[in-house]
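Take a look at the letters that make up each chain.
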Amino acid sequence: MNERVATADITAPDQAAETELAEADLLVEEVSIDGMCGVY
Amino acid sequence: MTLPLVEQFQYGLAAPICLTWELTYACNLSCVHCLSSSGRRDPRELTAAECMAVIDELERMQVFYVNIGGGEPTVRPDFWDLVDYATAHHVGVKFSTNGVKITPERARRLTASDYVDVQISLDGATAEVNDAVRGPGSYATALRAMGHLAAAGFRGFKISVVVTRHNVSQLDDFKVIADRFGAQLRLTRLRPSGRGADVWDELHPTAAQQRQLYDWLVARGEQVLTGDSFFHLAAYGEALPGLNLCGAGRVVCLIDPVGDVYACPFAIHESFLAGNVRDPGGFAAVWRDSELFAGLRRPQTGGACHSCSAYDSCRGGCMAAKFFTGLPLDGPDPECVKGHGERALAAVTGASPPRPFGDHSHRSRPVPVSIGPRPPTGPRPLAGPRPDRACDESPLAGFRAAPTSRPS
Amino acid sequence: MSTEAAPASDGVAGARAGTGFDLDRPWRLHPQVSVRPERFGALLYHFGTRRLSFLKSPALLTVVRALDEAPSARAACRLAGVTEAGLPTYAAALQTLAASQMICARGQT
Chain A
1 MNERVATADI TAPDQAAETE LAEADLLVEE VSIDGMCGVY
Chain B
1001 MTLPLVEQFQ YGLAAPICLT WELTYACNLS CVHCLSSSGR RDPRELTAAE
1051 CMAVIDELER MQVFYVNIGG GEPTVRPDFW DLVDYATAHH VGVKFSTNGV
1101 KITPERARRL TASDYVDVQI SLDGATAEVN DAVRGPGSYA TALRAMGHLA
1151 AAGFRGFKIS VVVTRHNVSQ LDDFKVIADR FGAQLRLTRL RPSGRGADVW
1201 DELHPTAAQQ RQLYDWLVAR GEQVLTGDSF FHLAAYGEAL PGLNLCGAGR
1251 VVCLIDPVGD VYACPFAIHE SFLAGNVRDP GGFAAVWRDS ELFAGLRRPQ
1301 TGGACHSCSA YDSCRGGCMA AKFFTGLPLD GPDPECVKGH GERALAAVTG
1351 ASPPRPFGDH SHRSRPVPVS IGPRPPTGPR PLAGPRPDRA CDESPLAGFR
1401 AAPTSRPS
Chain C
2001 MSTEAAPASD GVAGARAGTG FDLDRPWRLH PQVSVRPERF GALLYHFGTR
2051 RLSFLKSPAL LTVVRALDEA PSARAACRLA GVTEAGLPTY AAALQTLAAS
2101 QMICARGQT
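Chains as they are written, first to last, in our numbering: chain A, 1 to 40; chain B, 1001 to 1408; chain C, 2001 to 2109.
Calculated from the structure, these hints are not laboratory results.
Just so you know, not all the hints are guaranteed correct.
Label-pair restraints from in silico Cβ distances [said to hold, decoys possible]: (1) E1050/B - G2107/C: 44 to 54 angstroms; (2) R1109/B - V2035/C: 25 to 35 angstroms; (3) V2035/C - V1218/B: 25 to 35 angstroms.
We put the CB at the ideal spot given by N, CA and C, even for glycine.
Bound-form chain A, shown alone (with noise of 0.2 angstroms):
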């Protein structure tokens, strides 16, 4: 996997962390317990 990083900009830390999590979304998913159809 090619190293993909954000620059960090030391004045915009949330965007850095915004690019960093969306990254982590390949890998880790999220999906609330009642984020399933089929359960009433």
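Got chain A; can you put chains B and C on it based on the hints?
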């Protein structure tokens, strides 16, 4: 890179993530839209020992939690023991109840239990709207139970609402009730399943109301749960939180009171019957090897919907909603936001839609007219007409009060 | 949540793409988390928070399972065959898991 989850599921999961387990067909109420046509206990219901064996299987399979419902599950004398058994065996429990047995003492004990969640059913923010669907006194029962849970310190229990034409104007009021009791509001979709088939035409939200509902849900994000009930509305634009796909046979399923395993609780019909937990190999074998589930887990092509620009969002909608309105499964959902479903429904004339073969509804009716023989209470009734319902009378005929002010 | 950044070797964010996640500390799976291997990786369910996570990589599952015994998250990654180049992505994934309490630093609950 990694496939989207939708495509991962085609290979099947080792076990359901969660599943609905209807413990009994017995119920103290006769809600007009009951998806399991409940009321009377079935003589073949799983014994306590059989239930514990199922729980043992769920533990082995690492099913994370079960949503226990019915009928009214708390009317089973062994209900509380079964809940304790489940949580002692690493299976979380959420149970769905009309509140009838939630006394202050019971509420305190539930609050002290780890891994047990409670869901109270409510279909109107006022007694007038609620009781028209769930029966006289049911609103009071539900609110009383909520009060006991709140007083006992049970934070975040669920209040689950089936959205209908008559309560869609009360969404804000439902939120007020949930906030008052420290509960979490959950809105779910009315489906034409069970007794719901009889009232769906008059109760399902209009197209305009459906849009209202969608906008309201989008504005509230994760604050209001939906059980991924409205994934067909993703075609409007932004998807609501959740997997946004049909979980039947893929991530969830139903175990019914006599051990039958169905693709989902909204699809109680022999066409969606995968097996029975009493068969050799138990529940695990049904989940793993059922032909029905294998078919559901194969990638769906979309059929008549595949060329629609919205298909990627709505995935063709709800299988059960299509099935019980007589629509083909490879076509639009009856409530397709683009109107394709309405057109398809208009084309379905003559033949009556499929009915489930079982009906555990209470027999007593204000107008007891029955044509033909009563179905036997022993062996499973054959598919076909249900004499008690020949007049198509709602169980609450005579009880329902017309709302004095029509919601828009 | 730790905000300690690992030193960057050349000033590029590469080595600290896991901002907030300390690869050099020992980590562990939260004791209330149930891990269920699947074909695509794994499902994690936290019985306390009732949150559900999909691990969409079998290698990430190996990392997560190795955490308890490994001296550091970095060591667990190496054990799972993660290359230096791949570390930031795994660190970010571990950060997501830490944020939802699926994993926690050893020495705390």
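These are the hints, each one checked on the structure:
Checked against the hint of 44 to 54 angstroms, the C-beta distance between E1050/B and G2107/C comes to roughly 45 angstroms, which is consistent with it. Checked against the hint of 25 to 35 angstroms, the pair R1109/B and V2035/C passes, with Cβ atoms roughly 30 angstroms apart. Remark: the range hint 25 to 35 angstroms for V2035/C to V1218/B is upheld by a beta-carbon distance near 33 angstroms.
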